[in-house]
Structure formats: C-alpha cells, structure tokens
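Asker: With chain A's structure known, arrange chain B on it following the hints.
As given, the protein sequences belong to chains A and B, one line each in that order. Each residue of the first sequence is one higher than the last, beginning at 1 in the working numbering. Each residue of the second sequence is one higher than the last, beginning at 481 in the working numbering.
For the record, the hints were derived by calculation from the structure and aren't laboratory data. Predicted, not measured: the structure shown is a model, and the values here were computed from it. Incorrect hints may appear among the rest.
[What the hints assert, rightly or not] Partial list, computed: chain B residues near chain A (C-beta under 10 Å):
id, residue
1, Tyr513
2, Gly515
3, Glu545
4, Asp548
5, Gln550
6, Ala561
7, Ala563
8, Thr795
9, Leu820
10, Asn840
11, Arg874
Glycine included, C-beta positions come from ideal geometry on N, C-alpha and C.
Given next are the chains, with one letter for each unit.
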Amino acid sequence: MSKNLTDAVDKLSQLGVEFGDVRRVERATEWITAKGERLDTHSVSDEHGVCVRAVFGGRWGCAAGVVTDADSAVRLAEQAVAQAKRRAAVEGRGPALVDRGSTQGKWSSSMVEDPADVSDSEKYDLLLAATAEMSREKDVRQAKASMVFEATDTLTYTTSGSRFHQRTQRSGAGIEAIAVSDSGEVQNRTYPKGHEGGCQQAGYEAVRGLDLVGHAPRVASEAAQLLTAPLMPDLETTIILHGSQLSLQVHESVGHPLELDRVLGDEISLAGGSFVQRERLGMRYGSDLVNLVSDPTTPGALGSYGWDEEGQPASRFDLVRDGKFKGYLSGRFSSGRAGLPSAGTARSDGWAGYPIDRMANVDLEPGDAGSLDDLIANTDSGFLLANNRSWSIDQVRLNFQFGCEIAWEIKGGRLGQMYRNPLYVGNTPQFWGNCDAICGPEEWKSWGWFFCGKGDPMQIAHVGHGVAPARFRNIRVRSA
Amino acid sequence: MRTDQDIAKHVAKLAQYPTDVSVQHSRMHHLRYGGGEVVLDQMVEHRTVTIRTLVDGHLGIVHSERLDPQNLEHCVERAVALAEAKRGPRELDELPDPDELGHQDRRDQALLEWTDHGKHAAVVDQLKRARAADLLLAGSVSSGSTRRTLLSSRGAVMSEEGTVAKAQFISQSPLASGYSHSISADLKHLDLPSLCGSSIEKAKLASRRVDLDVGRYDVVLEPHAVAELLEWMSGIAFTAQSVEDGTSFLSGGPGAQVTGSNITVYDDASRPLGLGLSTLFDGEGQQPQRVTFIDQGRSGDVVYSAASAARKGCTSTGHSDGSGGEQINHIHMAGGTQTLDELVGGLKRGIWVNRFHYVNGLLDPPKATMTGLTRDGCLYVEDGQPVGGFSTMRFTESILEAFSRCDGLTELLTAVSSGWRDGGAFVVPSILLRDFHFTSKQGGVS
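The following block holds chain A by itself, in its conformation from the complex (with noise of 0.2 Å):
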C-alpha cells in the first residue's frame, strides 16, 4: 500500500503542484449494545480510503475515495489537481502558502489488552450483567449497556517529504438506566457519562477499569428515585459541576469558539462563527484561576496523537492563562492565513474528511481546591449537577443551556436533596469569570466524547477534555 501512495505522491510532483498530501486511513469499528436481556446489536465496520490534497496557483484541490485497485491513489491525485487547477483558473490565483515542514516518523496509543483479543461471549456477558443489575430496579423500564472499539491506522506522505504512520485504539464502554412511573414521568442516569459512555485511547483495560456492573445498581437507584424527585427550583445560585458536565461546557464554550477556521468563517455553513474575533486576543474569558491548553500529548486522552494531520508534532498550547484568552486552536494552513501561530491541531474523522480546524484534548488545568468532597464541603449553598441530558449554544458561542440528569442541593457544606429535569444557562465569559474553586490534580480526569460534528459535509471527532470539578457563582438554574 505504500507504494501506492508514493505513486500517488509522485503523481502530485509529475503534475506540478506547489504542495500534496495523500493520507490513507484503515479504520475498524466495533459497536455492541445490550438492552435488558437481549443483546440489541454487535455491529462490525471497516473503512479503508485514501484522500489527496493538491495545491495549485495557491489554491486547493482534494479527492477523496475507497480503494478499489492498485491505481487508486494516482487517480485521486490527478483529480485533485484538476480540481486545484479549475479553482486557480476560477478564482485566481490564491495566498501564497507557509511552511509546510518535513515530518517522518511512528507514533501509537498505548494499549495493554488488545479488544480483539477478549472474546464477543466475554463482552456480552459484561453488557448483560449491567443490565440485569439495572433490571432489578422494578421503576427501570430499559436497561442499557454498550462497548465501542475503533482501531485506526492511518498513513500519511507528501510532496514536501513527510512521512508518518499513525496508530490509535480507542475503547469505551456505558450503562444506562430509564426509569418510568405509571404516571408517565421519565427518567434517566448514566455511568459514567451522558450519550456514549466513557472513551479513552486504550484498551479493553478502559471497559474493564469502569466496573459497569458495579455501577450499575446506584445508577438504576438514582433514576427511580428521580421520578419523585422536585423540579429543579429556578433561581440564581452557586453549582459546581462534575466532570461529565463541566467535560462538555469546556468542548461547547471553550473549544468551538477558538477554533481558528470559525473566526476564519470557513465554518459559517454549518456550526457557525465566534465571538472571540481576532481583536480579542488576551481578553478576560474567565476568571485568574482559569487556565485552559490545548494538549495532544495525553497518554490515554481521547484526541491524543503524534502529529495533527498537516504533520506538526503534538505540543501542549495555552488557549487561556490566568483568565486571558491566549490562542486559537488551528493547523498550519489556517494560522498561515491569519498570521498567527499554529497549535498543531488540525484533524479530519477519517479518509473522506478534509482536515479542519478541530479540537483534540482541550483541557482545564486543576486548581487548590481539593477533592470534590473538600469542595462540597466548602460550599454554604447549591447546588451540585452532574452528567449531561441537553447542551444547546448559539452560533458565536456566547449564550448556552444544558441540561444535566440530576442536581444535589448544597446546604452547609453536604450534600442533600435531589433535583430532576435541572438546567443552567450562561453567557461565556461571564459564566467562565464566575468560576471562584476548582478541585486539585486528584480529581483531575480526562473525558472522552466520541461525537463532536462539524464540517460541511460533516465529520465526527473524537475528543478529550482533562477537568476537576469546579464551582461557579451567580449562575441561573431552572427545570426543563
């Protein structure tokens, strides 16, 4: 197969472009859900493409396909520098482009136990566990349990002499309770997040870290006792958040907003642009305490790899210190075109996908306050919510809304009453400059979310964000 994309390669200089890339990427997939006692599906992909890039008179074309035969690639590339060429004769000639470095090398995720070395009947019996676990709850009407396993290998040449090979195991697994009383009210819990469980670049040994099983009866508890729980009251009040929320608020208010592309508006036909225009380099986007960076060199975090997809070397990069808004996340192209440095972070969801502005581990660096207990018990009044239902956030990324499984008021420093239906809405900044506690490097985790869309056509990443919980002042709360 190399050689097929040293062809290719060949082909993009043969044709005269001013710089190429082809990338191919093998990908095998792994979904299983079990619902109550009846395994609901083991679904099984590969995808195998190559995508090529060519840049001509400044500009660019890119074609992108399965791979049939052994010409593939070469016929790829010579669509791409019809398109590039069609482009310059159309457009004119386009920017002048930058550095577009050498890079040679190997890099892989770390794994101890191979998911394809555990038997199918190993991980059914798992799924089917927690389910009857949660099943015992007599209010559960569905018990939910699923593992996902992806092994992607992706190989990446260019006219500029880069060479570098890719390697990444990801591996997560989830439970789901949904509680329903004759009246009609539902409700639901998950471990240890909302929508698709946990997910880290790993092994089997990240399904098996997680306890589904042991989880499973507080899980299928706190969603029947939901269903008698009050509303959620609405007022202003302190909340802490958990890391299965405050994971998403980072992604949704932190990592879309300064994603170059957005600000660029190459994003506008889809997700939309940001408020945090180029002028408002260093301006206050959260309190002292919030420090916030960009790091694709996490062992085992969800987004981590050896060098983004333009071929720069993952590296860690402020986005915000002490509050002020430092940098934008971008890739070598893009931080090109505005003048400004790259964070090494641009990213495509396979080979179909053009690579873009992305995140890939955007993390909250921990504070001094403790443990979430040490935290709590710091707190006179508030509220404590936990794991995400809903997320909603305009097109700039100003004005959010999410809405959490399950609040625990705070009174005195514990823990009391639970909340359904609880939501918070905010505004960005402020909501960021109203953070006043965040708990130490002991409650520090990174938090995989599998499904992060964006692109026109849309493509989905998978993304990692480190947090410790932390609290937030003045904030408006209400039910749903």
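Answerer: Only chain B this time, still in chain A's reference frame:
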C-alpha cells in the same frame, strides 16, 4: 467484480446461512465557501458492502469498504461468528423475504452533466454578487449521484439510482445575516441566483436592528425551522425503539390528543417531493409503508424494522437502517390553506423565524421539550410588517404544547434536507404558532 450486483452475488455464493447483501455507492462533489471565498473543493466517492446473516435466530451484521474477494470471504465468516456468539431471545425467525422490486433509475441527466466547472463558476458569480451588496457569502453546494443494490437471502434483486443537489447561502454583514436553502433531485429546481438573492434580501431586512425582550411571541416558522423540530421529534418519538424505551410521547398508543388538530405528521417515501434514496426499499429490502405519527393532533403509529416488529408482534413498516435500528427519511407535515405572506401579515407583534440553530430535544422527551436559538435572518414583525433583526434569542418549549397553539399553515410545502443525515428530506409548510416561549437572549462581551 466490478459491479455492485457482482459483489452481492459473490457474497451470496459464499454464504452458508440465510444472508442478504447490500452495496451502497455515492459520488459527491462539495463546494464550501465562507467569508466570501471558496474554502473547500472536494470530490468524495464511497462504496460499502453490508452483509446480514441469520444463524439460529440471531443476526450478524458486517459493513466493509474492502471489496476484494479475500476480504469479502472474511466478512461473511465474521458475520456468521457474530451471529453464533449472540445469545438471549431470538431476533428473527427468518430474514425478510421481500418482493422483487426491480431497478429504479431516478437520476436527473442535467444534474449528472452539471460540470464541476459550471457549478464552480455559478458559485463564484454569487460570491461576487454578495460582495457588490457589501455582504460576505458563506454556504455550500453539494451534488452527485447515489446508488443502492440489495440481494435478498432468497435471491430477490433490487436497486435504485438517484441524483441529489443541495445548496445553502448565508449572506452576512457585520450586523445581520440572511439564509436560504434548497434540496432537489433535479437541477432545474436548484436556482442558485434566486436562492442567493433570497439570502441577500433577508440580510438587508435584518440589518435594521431592534431590541427585543425575552418572553412569549407569536412566531411564523419557515420550513427549515419546522424541519429541525421534526428531526428531533423523529429521534425521540417516532421509532419503535423510543417506544420500547418508554421515552416517546407516542408510548401510550394511538388516539391520544397530543397537539392541535391541524397538525398531521407522517413518513411517506412515495411522495414526489420526498427526496433521498430510501424510496424503493429499506435496509432489509422492504418497501417503506406510509406511517402517520400524528394524525390531526392525535397520536399515531411508529416505524418498525423486521426485528423491532417481531418483538412487538406486528409487521415491519419498511424502515430498517440495515444495522439493527430504524430510520425515517421522508417526514412530511400536512399543509394548510394559507400563504407565507398571509401568515406573516397576520402577526400583530411577532417573530418571523427563517431558521433555528442548535436545537436540542433531549430536555424532557416525553413532553418533546426542546431548546434552540434564532439564526440568520430572523425578523421582528409589527402589524404584519417586518421591522428588523434582533439579537439571538433562545426558546425553551414543549413542542407538543407549541403545536397545540398552531394557528395557520401554508399550503405550499418545501423540501428541506436533514441536518445530520445524507439521505432523505423533510417536506413541510411554514407554520404560525401562538405564544412561543423565548427564555433568554444573547448577551454581549465585556
């Protein structure tokens, strides 16, 4: 093994157990623009085989883009191994036995012959036109062809080919923006200059700004906004799986009053405006049946695959996604008798919503409580006349309750593409809802 049928027949020969095979192919060209410039020019060609095998009542499903004989043999073995390893209640007694539905070719020749150069030049013309109006254009134009072939376990062969083109324009000034969108299987229905002109006009109307308080307003929702609400509704309520989970507002069975009596929502793959590929057969080779979810305000049925139908003890409605779940690709809302001008003209003090942004329907699914925001060319209207644009507003509302306050629908139905899926379209009117609840608005940046 060049053709899709060749691949399907090759797999069928390898199969030792009842097996159906489908091959999906698409070739799409995408032009994306933002900030007044083209930012993406990409051709993408997909080809995937799906193998579904039934062993002792259990399904094994494998999808693969590796179409060489050696890998296809491996996929057949893997599907059998998956099915054999499964346990618990039987999923199916036998694979669906579809009728021979033949071949349907709905490709539009003009769209096939629409060259990348012609498309590109047309887009660049619109970029220039917007600049001349002091606006920057963003959006995308995607077009191409798709093909599906299915060989059932008993040898029935069916295939369908189609074309699709969709375009969207967002005209932006520093103060305001306007939006327009179209999807069609035929090039003659894709009028780029007219679409672009519409987005420019909306941006101009929105450029005069008014300051609105949050609260309840009568709203006219244009088709894109209606479709986004229905897309979420379909996810939380219209499938057998959501009824099994107990989260659907249709869980109580048919006949309950759930919205106003002027609301009828159904899926119908046979309607001429229902675009997309699942028109002839679903992922199991079944012909999609018309399913009415809300019938004049009363709860109706949901869609089933063969497996979910077997659990329920009914027959499949022809809505399998081929992977164990259900899919709904042709949602229609019945229209009324009015025109858009009449709906907007009837607003005393209201909001004309061009489209929503980031709707989420998971707040309280049994009540279809959703939240979302206004975006691109939403206008405040007084005494039937547009006054101007306003800062982004967020609604949070039970859509069932909102649909109980529907006071008008247009006769004209418009096709709107899905926000999340490539196939299918929504075919919906513009609607007037009374007292729609806006709960917050976008604050500034200090």
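Asker: Please list, smallest to largest, the hint numbers that this structure does not respect.
Answerer: The structure conflicts with hints 5, 8 and 9, although it agrees with all the remaining ones.
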